[in-house]
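Novice: Quick note, the sequences are listed as chains A and B, same order. Numbered per numbering that gives the first Met the number 0, the first sequence spans residues 0 to 279. Numbered per numbering that gives the first Met the number 0, the second sequence spans residues 0 to 368.
Derived from the structure by calculation, the hints contain no laboratory data. As the structure is a computational prediction, the values presented were derived from the model and not from experiment. Ideal Cβ placement from N, Cα and C applies to all residues, glycine included. Among the clues, some could well be false.
Stated by the list, open to error - Distance windows between CB atoms, simulated:
#1 Glu295/B <-> Ala77/A: 53 to 63 Å
#2 Pro2/A <-> Thr360/B: 45 to 55 Å
#3 Phe124/A <-> Lys63/B: 22 to 32 Å
#4 Ala92/A <-> Thr360/B: 39 to 49 Å
#5 Asn104/A <-> Ser82/B: 23 to 33 Å
#6 Pro198/B <-> Leu249/A: 50 to 60 Å
Claimed, not checked - Mimicking DSSO-like on lysine-lysine, the simulated pairs with C-alpha atoms at most 30 Å apart in a straight line are:
#7 Lys211/B <-> Lys227/A
#8 Lys190/B <-> Lys366/B
#9 Lys227/A <-> Lys31/A
#10 Lys200/B <-> Lys190/B
#11 Lys54/B <-> Lys281/B
#12 Lys281/B <-> Lys227/A
#13 Lys218/B <-> Lys228/A
#14 Lys218/B <-> Lys366/B
#15 Lys200/B <-> Lys212/B
#16 Lys31/A <-> Lys228/A
#17 Lys218/B <-> Lys227/A
#18 Lys65/B <-> Lys54/B
#19 Lys227/A <-> Lys190/B
#20 Lys200/B <-> Lys366/B
#21 Lys84/A <-> Lys179/A
#22 Lys54/B <-> Lys228/A
#23 Lys160/A <-> Lys84/A
#24 Lys228/A <-> Lys65/B
#25 Lys218/B <-> Lys200/B
#26 Lys281/B <-> Lys65/B
#27 Lys190/B <-> Lys212/B
#28 Lys218/B <-> Lys31/A
#29 Lys228/A <-> Lys190/B
#30 Lys190/B <-> Lys218/B
#31 Lys227/A <-> Lys366/B
#32 Lys227/A <-> Lys54/B
#33 Lys190/B <-> Lys211/B
#34 Lys63/B <-> Lys281/B
#35 Lys212/B <-> Lys366/B
#36 Lys366/B <-> Lys228/A
#37 Lys211/B <-> Lys366/B
#38 Lys211/B <-> Lys200/B
#39 Lys65/B <-> Lys227/A
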Amino acid sequence: MKPISKFYTALIMLFLFAPIAILLFFSFNEAKSLSVFSGFSLYWYRELLRDSETLGAVRNTLLLAVSAAVISTAMGTAAAVGINKLRSRYLRAAMDTVTNIPMINPDIITGISLMLMFVFVGRLFGAATSLSFWTMLIAHVTFCLPYVILQVLPKLQQMDKSLPEAAMDLGCTPLRAFLKVEIPEILPGVITGLIMAFTLSLDDFVISYFTAGNGFQTLPIRIYNMTKKTVTPKMYALATIIFFVILALLLISNLTDSDGKELRRRARKKHLKSKEVAST
Amino acid sequence: MKKVLSLLVAALLVCALVLSGCGSSKTLTLNVYNWGEYISDGSEGSLDTIREFEKWYAETYGEKLKVNYDTYASNEDMYNKISTGAVSYDVIIPSDYMIARMAAENMLLPLDFDNIPNYQYIDESFRGLYYDPDDLYSVPYTYGVVGVIYDANTVDESDAGDWDLMWNPRYAGNILQFNNPRDAFATAQYKLGLDVNDPSKANWDAALAELKKQAPLVKSYVMDEIYNMMESGEASIAAYYAGDYFTMLDAQSDSVDLRFYYPERTNYFVDAMCIPSSAQNKELAEIFINYMLSAEPAIANAEFIYYASPNSLVYEDADYAEELGEEAMEILYPGIENFSELYNEYAYRNLDADTLDYVNTLWEELKIS
Numbered sequence: 000m001k002p003i004s005k006f007y008t009a010l011i012m013l014f015l016f017a018p019i020a021i022l023l024f025f026s027f028n029e030a031k032s033l034s035v036f037s038g039f040s041l042y043w044y045r046e047l048l049r050d051s052e053t054l055g056a057v058r059n060t061l062l063l064a065v066s067a068a069v070i071s072t073a074m075g076t077a078a079a080v081g082i083n084k085l086r087s088r089y090l091r092a093a094m095d096t097v098t099n100i101p102m103i104n105p106d107i108i109t110g111i112s113l114m115l116m117f118v119f120v121g122r123l124f125g126a127a128t129s130l131s132f133w134t135m136l137i138a139h140v141t142f143c144l145p146y147v148i149l150q151v152l153p154k155l156q157q158m159d160k161s162l163p164e165a166a167m168d169l170g171c172t173p174l175r176a177f178l179k180v181e182i183p184e185i186l187p188g189v190i191t192g193l194i195m196a197f198t199l200s201l202d203d204f205v206i207s208y209f210t211a212g213n214g215f216q217t218l219p220i221r222i223y224n225m226t227k228k229t230v231t232p233k234m235y236a237l238a239t240i241i242f243f244v245i246l247a248l249l250l251i252s253n254l255t256d257s258d259g260k261e262l263r264r265r266a267r268k269k270h271l272k273s274k275e276v277a278s279t
Numbered sequence: 000m001k002k003v004l005s006l007l008v009a010a011l012l013v014c015a016l017v018l019s020g021c022g023s024s025k026t027l028t029l030n031v032y033n034w035g036e037y038i039s040d041g042s043e044g045s046l047d048t049i050r051e052f053e054k055w056y057a058e059t060y061g062e063k064l065k066v067n068y069d070t071y072a073s074n075e076d077m078y079n080k081i082s083t084g085a086v087s088y089d090v091i092i093p094s095d096y097m098i099a100r101m102a103a104e105n106m107l108l109p110l111d112f113d114n115i116p117n118y119q120y121i122d123e124s125f126r127g128l129y130y131d132p133d134d135l136y137s138v139p140y141t142y143g144v145v146g147v148i149y150d151a152n153t154v155d156e157s158d159a160g161d162w163d164l165m166w167n168p169r170y171a172g173n174i175l176q177f178n179n180p181r182d183a184f185a186t187a188q189y190k191l192g193l194d195v196n197d198p199s200k201a202n203w204d205a206a207l208a209e210l211k212k213q214a215p216l217v218k219s220y221v222m223d224e225i226y227n228m229m230e231s232g233e234a235s236i237a238a239y240y241a242g243d244y245f246t247m248l249d250a251q252s253d254s255v256d257l258r259f260y261y262p263e264r265t266n267y268f269v270d271a272m273c274i275p276s277s278a279q280n281k282e283l284a285e286i287f288i289n290y291m292l293s294a295e296p297a298i299a300n301a302e303f304i305y306y307a308s309p310n311s312l313v314y315e316d317a318d319y320a321e322e323l324g325e326e327a328m329e330i331l332y333p334g335i336e337n338f339s340e341l342y343n344e345y346a347y348r349n350l351d352a353d354t355l356d357y358v359n360t361l362w363e364e365l366k367i368s
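The task is simple: from the sequences and hints, build the whole structure.
Specialist: What follows is the structure, given as structure tokens:
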């Protein structure tokens, strides 16, 4: 059984990572071809740095992803705190369903409906063009929001409810208790939500495609549009860089998460010890 | 860890604010919408056309100009985006049949050729083409002709010359066919001497019968995969555009020797610059179109895109001819004199919805059998 399971794991890993490995490999190719490797070179990386339109698209993508991630994290955390405080079970289930809709809804439907709404509202106000950076930002915040809530809500539920109460007993204002006690408790969830929102916004194509306005194209749209001619190896270089950036973010997020767990475990141990001391 | 992260977030936020601040200064803007990879963009030592235009404009008119340059992947994508009214562009570069459709739907503005004096350099044979018979709306940007590409290491040169090569049983399993109905059916129609724009069912049935004969010989039906399959020698016969043949030639492996020829009857396309009716600044758009026709940017674009240019400043330029080489010049510019005749006879036109439906049904029949 063991060799089979090993083989199976290897096969899965191959399917997951072979495409990325090939992309990485050919980004260092001297020639343009995907069939001939004519020598190691950083030529395509240099070409990438010279391509002002692509760099502009990278800048747009980052600007959008950072803004969307920060806004949706702030809104999502606030929403999660609110949902967590709901007493009625039915209201809570209703809120859960409503927040899940943008997540379950196919991207293409979200994209088209957002575009139609923006065009409709734009016409109402007589604007010549209705799509812009701002409409795209609204769209991105919309689809990132449920993921943030989904990350923060479990942390709130895990949190010992008596902690903020104790803080307020000891003289904290509710705001101070929230900032000093609740936020640090749920921080790992908030950070994971932030990073998830960032990566989701970064690689979204479908919704961006429908809501992109004049002069603000993101990277996925630009790469997709290269299909009239072949995609140049510059894009392999760019994809390699993006892959490593995402990998780094993932590592950071996992590290902070285990950091948090470690801290909480230590705190619990201390708590138990002090109880033991008290009982003896 | 948390400190590092919050610092990171803060740094990103500052970046975002600084970057967003850049876009808010008040300058003239021109919105250009073009195919991806369809302009000389400064890569591999070429001219960065858009930046050069901005510079040239500032020097000539003493005013700052910012070009918003966006791209699309297909005529239909561009059409959908513009027809919703969600965006507005000043210059677009659609293909022939889309120009005909947009003109019919009043989506294009007639050009003021007083602002486009360089139009004189567009060859006479590119006037009066079917999509714009009175030359009101469009200025040709590039054109291309479909030919047959083959690998001389596996294909006998005496077999080359016409569409028959793609039906030659000697090369069974080595032939690639287009994976879209219009292009695939056209190869059969040109071979049989049929009209590619004839909506009669008999016409399309005959083409289907011919494609069914070819099916056992076909290695696969492909679009973009054609590049890698031809470059690596995996397949040795395929039909594609002349300009794209050179892209393959650049990247072919050592065991492959790609050649190219035009069958007598084949497909032609023209992509042309137009101004959509939602344009914000028509005069500026005309200045841009005129600039694109001037020697330096026109030659740079032709060298970058590798499609033929209808601009005499380009194809009569000695340096350009030298850069491309004799062979490439012959392939890209085959007998330009009677272009409009050939074009109006053989180029694809818009088919009505019923015919398109019928063609799609036949196509499915072919793919299933």
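Novice: Does each hint fit the structure? Answer for all of them.
Specialist: For each hint, the structure was consulted:
1. Glu295/B <-> Ala77/A: 53 to 63 Å: The hinted range 53 to 63 Å holds for Glu295/B and Ala77/A, with Cβ atoms some 56 Å apart.
2. Pro2/A <-> Thr360/B: 45 to 55 Å: holds (51 Å)
3. Phe124/A <-> Lys63/B: 22 to 32 Å: holds (28 Å)
4. Ala92/A <-> Thr360/B: 39 to 49 Å: holds (48 Å)
5. Asn104/A <-> Ser82/B: 23 to 33 Å: holds (25 Å)
6. Pro198/B <-> Leu249/A: 50 to 60 Å: holds (55 Å)
7. Lys211/B <-> Lys227/A: At roughly 28 Å apart (the allowed maximum being 30 Å), Lys227/A and Lys211/B satisfy the hint.
8. Lys190/B <-> Lys366/B: Since the Cα atoms of Lys190/B and Lys366/B sit roughly 20 Å apart, the hinted pair holds (cutoff 30 Å).
9. Lys227/A <-> Lys31/A: The given pair, whose Cα atoms are some 17 Å apart, holds under the 30 Å limit.
10. Lys200/B <-> Lys190/B: holds (18 Å)
11. Lys54/B <-> Lys281/B: Holds, at about 20 Å.
12. Lys281/B <-> Lys227/A: Roughly 27 Å separates the two Cα atoms, so the pair holds.
13. Lys218/B <-> Lys228/A: Judged against 30 Å, a Cα distance of about 23 Å means the pair holds.
14. Lys218/B <-> Lys366/B: With Cα atoms ~13 Å apart, Lys218/B and Lys366/B stay inside 30 Å; holds.
15. Lys200/B <-> Lys212/B: OK: Lys200/B and Lys212/B at ~19 Å, within 30 Å.
16. Lys31/A <-> Lys228/A: holds (13 Å)
17. Lys218/B <-> Lys227/A: holds (23 Å)
18. Lys65/B <-> Lys54/B: Status holds; Cα separation ~10 Å.
19. Lys227/A <-> Lys190/B: Status holds; Cα separation ~26 Å.
20. Lys200/B <-> Lys366/B: holds (19 Å)
21. Lys84/A <-> Lys179/A: holds (18 Å)
22. Lys54/B <-> Lys228/A: Distance ~28 Å between Lys54/B and Lys228/A Cα, so the pair holds.
23. Lys160/A <-> Lys84/A: Measuring from Cα to Cα gives roughly 11 Å; hence the hint holds.
24. Lys228/A <-> Lys65/B: holds (26 Å)
25. Lys218/B <-> Lys200/B: holds (28 Å)
26. Lys281/B <-> Lys65/B: Within the cut-off at roughly 15 Å; holds.
27. Lys190/B <-> Lys212/B: holds (13 Å)
28. Lys218/B <-> Lys31/A: holds (25 Å)
29. Lys228/A <-> Lys190/B: Holds, at about 27 Å.
30. Lys190/B <-> Lys218/B: Roughly 19 Å separates the two Cα atoms, so the pair holds.
31. Lys227/A <-> Lys366/B: Distance ~24 Å between Lys227/A and Lys366/B Cα, so the pair holds.
32. Lys227/A <-> Lys54/B: Cα-Cα ~28 Å, so holds.
33. Lys190/B <-> Lys211/B: holds (14 Å)
34. Lys63/B <-> Lys281/B: This hinted pair holds, its Cα atoms lying about 17 Å apart.
35. Lys212/B <-> Lys366/B: holds (13 Å)
36. Lys366/B <-> Lys228/A: Judged against 30 Å, a Cα distance of about 26 Å means the pair holds.
37. Lys211/B <-> Lys366/B: holds (9 Å)
38. Lys211/B <-> Lys200/B: holds (16 Å)
39. Lys65/B <-> Lys227/A: holds (26 Å)
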